[in-house]
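Chains as they are written, first to last, in my numbering: chain Z, 26 to 276; chain Y, 4 to 832; chain X, 6 to 380.
Rather than coming from a laboratory, the hints here were simulated on the basis of the structure. Treat each hint with caution, since some may be false.
[Said to hold, decoys possible] Calculated from the model, a selection of chain Z residues having no Cβ within reach of chain Y, i.e. all distances over 10 Å:
1. Val-63
2. Lys-77
3. Pro-158
[What the hints assert, rightly or not] Mimicking DSS-like on lysine-lysine, the simulated pairs with C-alpha atoms at most 30 Å apart in a straight line are:
4. Z:Lys-168 x Z:Lys-136
5. Y:Lys-436 x Y:Lys-583
6. Y:Lys-304 x Z:Lys-136
7. X:Lys-233 x X:Lys-302
8. Y:Lys-583 x Y:Lys-572
9. Y:Lys-471 x Y:Lys-436
10. Y:Lys-459 x Y:Lys-476
11. Z:Lys-70 x Y:Lys-710
12. Y:Lys-304 x Y:Lys-669
13. Y:Lys-652 x Z:Lys-160
14. Z:Lys-70 x Y:Lys-280
15. Z:Lys-70 x Y:Lys-459
16. Z:Lys-70 x Y:Lys-831
17. Y:Lys-697 x Z:Lys-70
18. Z:Lys-160 x Y:Lys-615
19. Z:Lys-136 x Y:Lys-831
20. Z:Lys-70 x Y:Lys-826
21. Y:Lys-304 x Y:Lys-253
22. Y:Lys-762 x Y:Lys-751
23. Y:Lys-253 x Z:Lys-240
24. Y:Lys-476 x Y:Lys-615
25. Z:Lys-70 x Y:Lys-304
26. Y:Lys-555 x Z:Lys-70
27. Y:Lys-762 x Y:Lys-710
28. Y:Lys-459 x Y:Lys-657
Glycine included, C-beta positions come from ideal geometry on N, C-alpha and C.
Listed below, chain by chain, are the residues.
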Amino acid sequence: MAKWGMVIDLEKCTGCQACSTACQMENNRLPGENYQDVLYYTEGKQPTPQLKWFPRPCMQCEEPSCMHVCPTRATYKTEDGVVLIDWNKCIGCKYCMIACPYGVRFYTDEKPLVEPNVKAVFNGDRKLSWNPPYKGPQQDAAKGIGIQPDGVVSKCTFCYHKISKAPKGTPDLDPANPELVEYVPACVRTCAPGARYFGDLDNPNSQVNRLISDKQGTRLLDHTGNKPQVYYLTGAGAAGSAVPGTRAAKA
Amino acid sequence: MEILKKAISRRRFLQVSGGSAAAGAAVVGSGGLGIGGLATLQEAQAAVGDGNTVVNKSICAQCPARCGIDVYTTNGRVHAIYGTADHPIANGKLCPKGHLGTYILYDPDRFKGPMKRTNARKGRNEDPGFVPISWDEALQTVADRLNTLRDKGESHRFALLYGRGWGASCAGLQGTFGKLYGSPNVAIGHSSLCSDGSILAKEMVDGNASYNSYDYRNANYLLIFGANFLESFRPYNNNMQVWGYIRGEKSPRTRVTAVDVHMNQTLAASDRALLVKPGTDGALALAIAHVILTEGLWDRKFVGNFHDGTNRFRTGQTVMADNFDERWTTGLVEWWNVELKDRTPQWAAGITTIPADQIVQTAREFATTRPAIALFERGAHNHSNGVYNGMAIHALNALVGSLFAQGGLAYQMGPSYGKLPVDADAFMDDYAKNGPHKGQPRIDLKGHPDGYKMAKNAIQEIAPNHLKGKPYKLDTAMFYYTNPIFSSPGAKDWEEALKDVFVIETSPFPSETAIMADLILPDHTYLERLQDAPTYPFQGYPMTQLRTPAVKPLYDTKYFGDTLIEIGKRMKGPMGEYYKALGDTENVLRHLAKGFEANPGDNGVDSFEKWKEKGVWYKKPYLWQQRDGEFYEWDGSDYRSQMSADDVKAKLLKTPSGKFEFVSGKLAGEAEWISKTTGMARERVPYIQWVEPKHTGAGDLHFITPKTAMHAEGRSANLPHAIAKMQPTVGGRREVCAELHPSVAKTKGIRDGDRIRIKSTLGEIVAVARVTELTRPDTLVLPFEHGHWAHGRWAERRGANPDEITANQSDRISGMANYYTGKVSVEKA
Amino acid sequence: MTIQAQANGPVTPVMMAGLAGLVVSLAIAFSNLMADGHAAFNTGSDGVIWGLPVVNYVFFALASTGLTLVASVAMTFGSQAWYPLAKRCVWLSLVTLVAGFASLALELGHPFRMLWAIPLNFQPTSPLNWMGLFYAVFLVLGILKFVRIHVGDWNSPASKQIGLAALVTELLAGGMLGMAFGAMAMRPMWYGTLVPLYFVLTAACTGGAFALLVTYLAYGKDAAMPDKVRSLIRGPLPMAFAALLGLTILVIGYRTLIGLWSNADGLQVWDHIVASPWFWLEAALLVGAFYLLLEKKALAAAALMVIAAFFIDRYFFVVGGQLAPLFKGAWVPELIPYSPSMTEWMLTLLAFSIVFFGWALGEKMLKLEAAPQGD
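From just these sequences and the hints, can you work out the full model?
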């Protein structure tokens, strides 16, 4: 069984947010509900101010604290290494959101970021919290795929509805390969500068392991012990993208 | 309360004839066209877990770049858009806007069919009182009106204004319509609101009135002026692909210096960010040129050299012209003597505020890290001195020999289209040939000594000219993909001007133009169209792409090209015969595609059917290359057949001299008119030079209104997901913020998040302040995005429109509207 | 000496106020929740996740633990002098727990699903589960114990054992609540091995304060109190309370200092807390109450001051731990702005109303002044 992981090369990332919008449309997210987010930080003063950004999907941790705190086992880890939520079991206590060091979880039922509320414009029934006309065909509450019902927490699934159908034993889901492109997570598939790689961390011959090895892949907040399955390459040269501390926000 | 009532009544008119919405949405796109090979379809079906998924080829419509897109439709619902893998611009990728296209299809505020106005009063707060009518009535209304005008000999009083025209089957039909009908105002493009400054600058020095194509992947240095390469410079998607390659894979890594007035993503990701005083990019470029010459770093094979090889360019000292042999340039020594010898880095530092040592380092790197490209866009040329700024920057490309070189820049070739089925010239009646319209200037006075003699368009002049009745008043105006009432400088003038014009809007969205319209002839949205779109300048080789409908039109709408043809059919005389013979846009497209039979594309596209399947026709390579100061033409396998000077003049360097002109022959030809309109000494006109920008307004802050990465030329205005991501760098989420330096905020007592009043001589707008070090202390940045008073529920009443307080001043040479040259003051609101 | 059976404090006005509070808070909270759902709260995925409703819960759940502790002084640890407060405390520990649960239930996405989903899918690694389990067990034991003492069985072995078990589950529950926060290594403001102890210590303070307050509410003034009550109230209780409070002030003081001193990411919240006037109000209330207790003056006021101070403390604790943004939001502010919504405040009013209405109801109907006879 594969252990899916992602590598993000910050030397290439241009901070464009296409990963975020591709994800939002593929997974029918609300405005501002970014499973995949890009965060922006500023420091310094004129004429040498700094602007940095940081792309952040769910880290799909090996030791997911969100899973350990979930009282109903609604959050679970699949055999192929992905952290999912069973919406049929989630009680909406939001402890997982508290326990996630990376801020990647979302509660359904909140004030809209942008008015008018798209949920009101595209009303759902009781099963779905909303129902946009462009809703994708995939819907699997037990895996937290599709549009969630009210009162539950949702998160990035690594596009589980795609990757779970990939041929077994595939070392890397390379979007450039026409045989594999439909199994590639939306954010990886669309990334224009090619900053994202997706593959099997358990396969030493995968490109993701090659990159982690050659370019010293690092993990975010490794001290929390969550052991992300998302690695960042920070490269040698200057780039706008950078792994931030939260204090980078301080002017 | 009153406002609320009006809002409600306006909402209601948007709903008219919307009864069949749900039914329409359920229609399956059964014409499952263009599946890129059966394997892809099967995989798509396997992956989405539904056997009914169809993948259609289309072209994104959120910016001019024209990325190929795969549109996923399952059971009649379009639910995903991804880049087309075998499309040279998209390469399977998209920018952040591309994915949001489904919202445009399913925009709940779309017009559902043709409508006419019932309220004779017009204005921002007047409910048009639209009622649904049939297409036949709508089209006949237009035809009757046009026939009547023609009968009165006033056909010139009909204007067709267009913005984002796509190809031969829409905007491409307009010129013929104007010719057969007899109006100089059919059609007037939006290019003077767009980037004509760049086009004119290049035309003046290398003779090509066009944007460049760029070979970034082979360049080792990029010097970028006022073009936000990683946020808003086309083709954005491909730029980012290039960036990933040149910065993360290419060896050696391409170095980048970027110049702009505030810290944006391009500057942040570059090796060197230079924050320049607005309007002074030309001074910076001249100083770089000065250093290149004094330090002997120019490309001798392209530019030439002193007879004895000794560099005589010394700061402040003139040079004898006959000491220098020029190769593919002219006027270098004259230019040096008249202008460049005093344009030192120290001088430029005083003008631009960029330290002299940074200028020197940039110049050395640029000239020694070849191939090197200097590129510029609106930031550099949206000023009264825009063309001169652009010429100065473009001159750097000549100095380092990048023109037509590998890793340099060239110009775009057109597609091998076939001929239309009918020859329009055979349908010209006497009126069309010799009618009174022949003596009339264009309403925008483009090409007229009283207006903008050298401009390509001057659309921003239409409202003021109409209001003055000079040269005349318009009777009827039709709009295609443009909304100058919102986007033109001095936007409010248009609100007055359109009150006594019969307005026909073809947008499917309830735009500001629609609020002023008498007739709504709604277009399909892009995912419903069969429409061609030749490439915007990209990599030079010819390319054209095709939209195929992913679903049948959801509502009773009509493709603009067909609307035009249908109006044409209802015209009297031979004009009507022409359009009857032309048939419809599909017939047009089929004939265009016949051109591919003799010139099959690299992807095997040799017919209309293949074009629909693949979505794109392209034929590599670009046919010309300059190498070590010699020009070669592609001989079928390589760039080997050497070109004569005449060949180069005819095909590549289209100036009077057939060379790159540091002293412009074209400007010299218009020196008298330019001198008269600008006050510049006549003999100085032809020189690439520093000219002080003329700022409008009287405030203490430069007012810069850039486009953000999420700005889709107005199509993003009603996309809630785009709004939520609009200005990420400073946190403009619900609405874009006005970026303000802390020192300004402190003096004015403004805190982060406060509402501020931005005042120009035209009036004032209110915006939310973001106090940030990213923006220069002498500059206020408010992205052009919000302030709509129509355009749908998410667009309306959000933020402010900077164009309402942007004065209508244009570069006298290019006619380019000077959006970024206003000066404003701010105070706490 | 006979036991004064008659309470002459403002029980009826408190009950009416509690009832009014219940009606108002429920009406407003429900109509807002019906209209907007959870969006009626100012919490958010890229803001504060656990807002005022959770503050209410932590405050009242820990008050329940504290009240059980106070009751146990007599019932488990055998200090006869504390008997006159015991029944009142047992009753109130049940009422406060219900108040806490009520606020939490209205905050949960699926409170009813919880009832089956937790038992069927019990996740042993979740502190929240153990806390819930212990509080649930306590609720049963507490009711049993109350029934026992209500029928006069104060000291049978079974009654004693139930009391001891109730005390242990309450301590474990309060401790687990502490662990729910203290185990969060990714939030340094909360993280720490001693958080359960901090919770139990502060729980005891709020328990003592409620015990003292309702005693005054029951009798009105010292003179109206039965002798045994008066001697407890004028003697060991304020001294023990003062000692406890003094220790707690010390702990809070050091927590604050450590928070200010350390540069660990997340602890910058302390700068924000200390800059808030509410922090200084909390400090003044605690020190003022400590002084009043030492001086044995205005004890009812001292109790109120402690309650108010700890409500502020719980707010800073629960909310403060979330103010340093993790990796969320397209643009990151230094600290997340949060102020509770009207609906959230109504849940606070609801919880307080339940407590005071419930107490007054008990006072009227359940002879809360009862104590073991004839010693």
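Results of checking the hints against the structure:
| no. | hint | result |
| --- | --- | --- |
| 1 | Val-63 | violated (7 Å) |
| 2 | Lys-77 | violated (7 Å) |
| 3 | Pro-158 | violated (4 Å) |
| 4 | Z:Lys-168 x Z:Lys-136 | holds (25 Å) |
| 5 | Y:Lys-436 x Y:Lys-583 | holds (20 Å) |
| 6 | Y:Lys-304 x Z:Lys-136 | violated (65 Å) |
| 7 | X:Lys-233 x X:Lys-302 | holds (18 Å) |
| 8 | Y:Lys-583 x Y:Lys-572 | holds (5 Å) |
| 9 | Y:Lys-471 x Y:Lys-436 | holds (29 Å) |
| 10 | Y:Lys-459 x Y:Lys-476 | holds (21 Å) |
| 11 | Z:Lys-70 x Y:Lys-710 | holds (23 Å) |
| 12 | Y:Lys-304 x Y:Lys-669 | holds (25 Å) |
| 13 | Y:Lys-652 x Z:Lys-160 | violated (55 Å) |
| 14 | Z:Lys-70 x Y:Lys-280 | holds (16 Å) |
| 15 | Z:Lys-70 x Y:Lys-459 | violated (42 Å) |
| 16 | Z:Lys-70 x Y:Lys-831 | holds (23 Å) |
| 17 | Y:Lys-697 x Z:Lys-70 | holds (29 Å) |
| 18 | Z:Lys-160 x Y:Lys-615 | holds (26 Å) |
| 19 | Z:Lys-136 x Y:Lys-831 | holds (28 Å) |
| 20 | Z:Lys-70 x Y:Lys-826 | holds (23 Å) |
| 21 | Y:Lys-304 x Y:Lys-253 | holds (26 Å) |
| 22 | Y:Lys-762 x Y:Lys-751 | holds (14 Å) |
| 23 | Y:Lys-253 x Z:Lys-240 | holds (15 Å) |
| 24 | Y:Lys-476 x Y:Lys-615 | violated (43 Å) |
| 25 | Z:Lys-70 x Y:Lys-304 | violated (43 Å) |
| 26 | Y:Lys-555 x Z:Lys-70 | violated (54 Å) |
| 27 | Y:Lys-762 x Y:Lys-710 | holds (20 Å) |
| 28 | Y:Lys-459 x Y:Lys-657 | holds (17 Å) |
Hint compliance for this structure: hints 1, 2, 3, 6, 13, 15, 24, 25 and 26 are not met, and every other hint is.
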